[in-house]
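Participant: One-letter residues, chain by chain:
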Amino acid sequence: MAEFIIKNGFVFDPVLGIKGDKADVAIKNGKFVETTELSNPKTIDATGMTVMAGAVDIHAHVAGPKVNTGRNFRPEDKLFNCTPRRGVERMQGGFSVPTTFRTGYDYARMGYTTVMEAAMPPLYARHTHEEMRDTPIIDQGAFPVFGNNWFVLEYLKNHEIENTASYIAWLLKATKGYAVKVVNPGGTEAWGWGLNCENIHDPVPFFDITPAQIVKGLIEANEYLGLPHSMHLHTNNLGNPGNYTTTLDTFKLSEGIRPNSKFGRDQVMHHTHVQFHSYGGDNWGNFESKSPEIMDYVNSHDNITIDIGQVTLDETTTMTADGPFEHHLTELNHLKWANTDVELETGSGVVPYVYSPTIKVCAIQWAIGLELALQAKDLMRVFLTTDHPNAGPFIRYPRVMKWLMSQQSREEMLTGFKNSDKVIGATHLMNIDRELSLYEIAQMTRAGTAKALGLAHMYGSLKPGLEADLAVYDFNPEQENAPETIETAFGNAKYLFKAGTQIIDEHKIVSNGNKRTLWVNAKVNENPQVMRDVKEKFLRYYTVTQGNYEVAGHHYVPNPYVIEVDATQ
Amino acid sequence: MTKTIPDVVCPFCGTLCDDLEVVVSDDGKQLLEVYNACAIGAEKFLHSQAEDRLTRPRLAQEDGSWKEIGYEEAIEYTAQMLANSKKPLMYGWSSTNCEAQGVGSEIGEITGAVMDNTATVCHGTSLIAVQDIGIPHCTLGEVKNRADRVVFWGCNPAHAHPRHMSRYSIFPRGFFTGKGHKGRKVIVIDPRKTDTANVADVHLQIEQGRDYELLDALRVAFKGLPLPDVVAGIPKEQIYEAAEVLKSGRFVIIFFGMGVTQSLGKNHNIDEAIAVTRDLNEYTKAAIMPMRGHYNVTGSGAVWGWQFGFPFAVDLSRGFARYNPGETTSNDLLRRDEVDSVFVLGSDPGAHFPFSSVKKISELPSVCIDPHQTPTTAVCKLHVPVAFVGVEVGGCAYRMDNVPIETRKVVDAPEGMMTDEEFLEKVLGRIKEIKGE
Ligand code: SF4
Numbered sequence: 001m002a003e004f005i006i007k008n009g010f011v012f013d014p015v016l017g018i019k020g021d022k023a024d025v026a027i028k029n030g031k032f033v034e035t036t037e038l039s040n041p042k043t044i045d046a047t048g049m050t051v052m053a054g055a056v057d058i059h060a061h062v063a064g065p066k067v068n069t070g071r072n073f074r075p076e077d078k079l080f081n082c083t084p085r086r087g088v089e090r091m092q093g094g095f096s097v098p099t100t101f102r103t104g105y106d107y108a109r110m111g112y113t114t115v116m117e118a119a120m121p122p123l124y125a126r127h128t129h130e131e132m133r134d135t136p137i138i139d140q141g142a143f144p145v146f147g148n149n150w151f152v153l154e155y156l157k158n159h160e161i162e163n164t165a166s167y168i169a170w171l172l173k174a175t176k177g178y179a180v181k182v183v184n185p186g187g188t189e190a191w192g193w194g195l196n197c198e199n200i201h202d203p204v205p206f207f208d209i210t211p212a213q214i215v216k217g218l219i220e221a222n223e224y225l226g227l228p229h230s231m232h233l234h235t236n237n238l239g240n241p242g243n244y245t246t247t248l249d250t251f252k253l254s255e256g257i258r259p260n261s262k263f264g265r266d267q268v269m270h271h272t273h274v275q276f277h278s279y280g281g282d283n284w285g286n287f288e289s290k291s292p293e294i295m296d297y298v299n300s301h302d303n304i305t306i307d308i309g310q311v312t313l314d315e316t317t318t319m320t321a322d323g324p325f326e327h328h329l330t331e332l333n334h335l336k337w338a339n340t341d342v343e344l345e346t347g348s349g350v351v352p353y354v355y356s357p358t359i360k361v362c363a364i365q366w367a368i369g370l371e372l373a374l375q376a377k378d379l380m381r382v383f384l385t386t387d388h389p390n391a392g393p394f395i396r397y398p399r400v401m402k403w404l405m406s407q408q409s410r411e412e413m414l415t416g417f418k419n420s421d422k423v424i425g426a427t428h429l430m431n432i433d434r435e436l437s438l439y440e441i442a443q444m445t446r447a448g449t450a451k452a453l454g455l456a457h458m459y460g461s462l463k464p465g466l467e468a469d470l471a472v473y474d475f476n477p478e479q480e481n482a483p484e485t486i487e488t489a490f491g492n493a494k495y496l497f498k499a500g501t502q503i504i505d506e507h508k509i510v511s512n513g514n515k516r517t518l519w520v521n522a523k524v525n526e527n528p529q530v531m532r533d534v535k536e537k538f539l540r541y542y543t544v545t546q547g548n549y550e551v552a553g554h555h556y557v558p559n560p561y562v563i564e565v566d567a568t569q
Numbered sequence: 001m002t003k004t005i006p007d008v009v010c011p012f013c014g015t016l017c018d019d020l021e022v023v024v025s026d027d028g029k030q031l032l033e034v035y036n037a038c039a040i041g042a043e044k045f046l047h048s049q050a051e052d053r054l055t056r057p058r059l060a061q062e063d064g065s066w067k068e069i070g071y072e073e074a075i076e077y078t079a080q081m082l083a084n085s086k087k088p089l090m091y092g093w094s095s096t097n098c099e100a101q102g103v104g105s106e107i108g109e110i111t112g113a114v115m116d117n118t119a120t121v122c123h124g125t126s127l128i129a130v131q132d133i134g135i136p137h138c139t140l141g142e143v144k145n146r147a148d149r150v151v152f153w154g155c156n157p158a159h160a161h162p163r164h165m166s167r168y169s170i171f172p173r174g175f176f177t178g179k180g181h182k183g184r185k186v187i188v189i190d191p192r193k194t195d196t197a198n199v200a201d202v203h204l205q206i207e208q209g210r211d212y213e214l215l216d217a218l219r220v221a222f223k224g225l226p227l228p229d230v231v232a233g234i235p236k237e238q239i240y241e242a243a244e245v246l247k248s249g250r251f252v253i254i255f256f257g258m259g260v261t262q263s264l265g266k267n268h269n270i271d272e273a274i275a276v277t278r279d280l281n282e283y284t285k286a287a288i289m290p291m292r293g294h295y296n297v298t299g300s301g302a303v304w305g306w307q308f309g310f311p312f313a314v315d316l317s318r319g320f321a322r323y324n325p326g327e328t329t330s331n332d333l334l335r336r337d338e339v340d341s342v343f344v345l346g347s348d349p350g351a352h353f354p355f356s357s358v359k360k361i362s363e364l365p366s367v368c369i370d371p372h373q374t375p376t377t378a379v380c381k382l383h384v385p386v387a388f389v390g391v392e393v394g395g396c397a398y399r400m401d402n403v404p405i406e407t408r409k410v411v412d413a414p415e416g417m418m419t420d421e422e423f424l425e426k427v428l429g430r431i432k433e434i435k436g437e
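Residue numbers (the UniProt record's numbering), protein chains in the order written: chain A, 1 to 569; chain B, 1 to 437.
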């Protein structure tokens, strides 16, 4: 494999503690190495440019059935943005729900090289994998959803952690999944009857269990197994005024639990898109930010991580396994609504949404996301996301960076809103003068996310031995830069390497790379009871046979990267 | 000795039953018995054993006779035809696996083809309606486990999806439906007294073509508002009663078929049927599902969705994907003379398109890939028989509820026969050479 030396760039690497020093980075055999190990490298001159590890997205909806529903039911999302096949690039289309090809290319253009699909319905795992296979360049993994799964509900009502863990191990293997995802625990099962669980103590109809028991039990099962990532949670009551108390109640479920994982993470709960869960008030009229209360908690508890779910003020397509929430949303905005309930496992909904800067609530939501990040004490635990495409499309990450890095750009937004005074009054952003550094951005998008996913041994840094995923941006941190240049530079990497293969050269995509699918194979002791339960449920309640459930390797996961976990002790 | 292969997936209809058992000879060459399948499903398997099956491509001659040719020649012919066309129509894709569909898409990209599938003449209207209003949907297991109200609208599963009622919709006992058939109320809306109507609790024998009116009347009835004495041939008392049955259910499922999608009103019928379902979600839980016909028509819409963003009628001729049903749909293109060659794989437009379209196909350079001899193979210039997907080669297929299932190979194809995917891969490679890519 070719050798490369990336010379003389301004390097930002939180793992190595490099804060913009000029350094050379060496690549050999797909990994970073010491420069002394190179024999005949190709030189990339990064003088005056920013160099970082490839970015790792901890939470996005980029593949699978609800994403594809979003594509197919929104032809309007393809207006004016279909691009032809050119060079190595396949045809591309779509804005808020791009085609798989565009997804891979657009992430690469932003310097992202690893992206997690945040919610995979197990029964649709094949579909999710087929889409990931057709997404070029980026490594991906998918999180199967567990929070409304009948096995989990039945085991956890009796607090059977070992059985839950065995089942999780079985399902991860069957679906080639990466982590334990939970969406509106219990609420989506209730939605099977048109109902919901609005707080963590609302009983799940017919199952004699509460969301709190589900969350706590899944954290314990996750730690029992010692999985690379923690339990990954979207809690109840998303999007409602006053919901910050539900969020705090949920956070507290993690208290006193320490991680048990060999993969270097420190958290036992990752709470996703917290912006949607930090609302005060009790109606849309007195809707306000409760980000300080949320961040006080996060800052003082090191066993949780969060991502922000930043609203980008675009027209987008919301999609989530929180079925009742999407029904609520369509009643609110009267736009088209797609819903799918999945037998024994989960549900989902999709509704287009316009976050208009002229609407007060949308502008407040925008401010809350930024406040979360700007009040964070430790940006190794607070990550940049837009919950793509829910709060906005992922292609806006560079714009979010601009807002986080420039007080001027934030104030221009705040004072430019139609309801400026009301927005400022209901939020705290105007009083925050913090501007994040590129080092902190690298924590939020690389080092921190890789660590939280249990992938610090592969990604997130330029440390010798790690995967040679590296991005070079046309951005000189030592110059006076207008805020706009941040967005331009970080949306358009000048060079990109994925596992040592050059993907982008002079802003142009030159290779489709050799993308991998990450999944976790957890070994557990034999558990005849769980295997009996699985067999019985397939016979009686599923509509596919057990023999046809498992996603076989070959064409679904043609290039797997399997992370082995041994939980037999 | 024989071998019994369990969990075999039936590659015939959108019910995609995956509990078949197939008995094959020890050497894996002969398929002997098919268990659990319905009559049409079993026939699909047994048909692969037909003695008179074609195993080599054949090219039509000037005098109307056929000449057997090798696969290499067939690949060259197909690649040349597609590469030299300005705007080929690549139609079908419903009876093959997603892997082949994916390769076909790339051929379409390079040659600037129009990609269309059988939805264009069946549930395309449903897809358009979903783009208008969305769709409250569920998997078939939700029906089995929860549904206590089942509506069949303009469809006749007793004949078209024979095991649908026993596997998913009427008879099975599920988690919350322990009484099976006894716990369900079944409503059939159909102008004909079909075999499905015979097992229903209520048959609303609607006047033909009046679906929209009846759907609309149901929405009025849900709200308890006044109706005319008779709507669509149904007395208003019956409509109020049906509305009450639906509203009082715990979980309502509406299945609909081509009786509504292709009758007068087309996508507007489906818009309204989905609106009925949306309305029902104000009172209870309800979902609606198209009865998709071919076992993998749903899959081709899914593959094109993630690759191009549109589920059917995808026009790639300008170098990027465009979609405008009525303009980019097969019959419209054929009848307006807008395509200059036709490639068919995995369906039979010769049997299902209007005669005027079939005539156009017969006048154009054309290739048909199909294990069977069909009306389409009879009018195309080149017929390439291939292995049966789901019998002689596996691959992914999407059930009518979008659930992907991997079909299984149970027997070997006759010596030397290619699969769809292999053939398309070779054509793609050759086209890349011709185009200098
Ligand atoms: S119902 Fe359809 S899928 Fe099932 S056996 Fe019959 S033809 Fe095959």
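Treat the hints with care, as some may be off.
[What the hints assert, rightly or not] Computed beta-carbon distance windows for the label pairs:
hint: 1; chain 1: B; residue 1: 226; chain 2: A; residue 2: 540; range: 40 to 50 angstroms
hint: 2; chain 1: A; residue 1: 84; chain 2: B; residue 2: 335; range: 21 to 31 angstroms
hint: 3; chain 1: A; residue 1: 283; chain 2: B; residue 2: 233; range: 43 to 53 angstroms
hint: 4; chain 1: B; residue 1: 432; chain 2: A; residue 2: 531; range: 43 to 53 angstroms
hint: 5; chain 1: A; residue 1: 331; chain 2: B; residue 2: 414; range: 55 to 65 angstroms
hint: 6; chain 1: B; residue 1: 225; chain 2: A; residue 2: 76; range: 48 to 58 angstroms
hint: 7; chain 1: B; residue 1: 225; chain 2: A; residue 2: 562; range: 36 to 46 angstroms
hint: 8; chain 1: B; residue 1: 202; chain 2: A; residue 2: 418; range: 49 to 59 angstroms
hint: 9; chain 1: A; residue 1: 531; chain 2: B; residue 2: 338; range: 49 to 59 angstroms
hint: 10; chain 1: A; residue 1: 531; chain 2: B; residue 2: 25; range: 24 to 34 angstroms
hint: 11; chain 1: B; residue 1: 226; chain 2: A; residue 2: 76; range: 49 to 59 angstroms
hint: 12; chain 1: B; residue 1: 335; chain 2: A; residue 2: 83; range: 42 to 52 angstroms
hint: 13; chain 1: A; residue 1: 208; chain 2: B; residue 2: 1; range: 50 to 60 angstroms
hint: 14; chain 1: B; residue 1: 233; chain 2: A; residue 2: 84; range: 47 to 57 angstroms
Just so you know, the hints here were simulated from the structure itself, not pulled from any lab data.
Quick reminder that beta carbons are idealized off the backbone N, C-alpha and C, glycines included.
Participant: Hints first: check each against the structure and report whether it holds.
Facilitator: Verification of the hints:
1. B:226 x A:540: 40 to 50 angstroms: 46 angstroms, holds
2. A:84 x B:335: 21 to 31 angstroms: 28 angstroms, holds
3. A:283 x B:233: 43 to 53 angstroms: 48 angstroms, holds
4. B:432 x A:531: 43 to 53 angstroms: 48 angstroms, holds
5. A:331 x B:414: 55 to 65 angstroms: With a Cβ separation near 58 angstroms, residue 331 of chain A and residue 414 of chain B satisfy 55 to 65 angstroms, so the hint holds.
6. B:225 x A:76: 48 to 58 angstroms: 33 angstroms, violated
7. B:225 x A:562: 36 to 46 angstroms: For residue 562 of chain A against residue 225 of chain B, whose Cβ atoms are near 60 angstroms apart, the range 36 to 46 angstroms is violated.
8. B:202 x A:418: 49 to 59 angstroms: 53 angstroms, holds
9. A:531 x B:338: 49 to 59 angstroms: 57 angstroms, holds
10. A:531 x B:25: 24 to 34 angstroms: Since the Cβ atoms of residue 531 of chain A and residue 25 of chain B sit about 33 angstroms apart, the hinted range of 24 to 34 angstroms holds.
11. B:226 x A:76: 49 to 59 angstroms: 37 angstroms, violated
12. B:335 x A:83: 42 to 52 angstroms: At roughly 31 angstroms between Cβ atoms, residue 83 of chain A and residue 335 of chain B fall outside 42 to 52 angstroms, so the hint is violated.
13. A:208 x B:1: 50 to 60 angstroms: Given range 50 to 60 angstroms: holds, Cβ gap about 51 angstroms.
14. B:233 x A:84: 47 to 57 angstroms: For residue 233 of chain B and residue 84 of chain A the Cβ distance comes to about 52 angstroms; the hint holds.
Hint compliance for this structure: hints 6, 7, 11, 12 are broken, all remaining hints hold.
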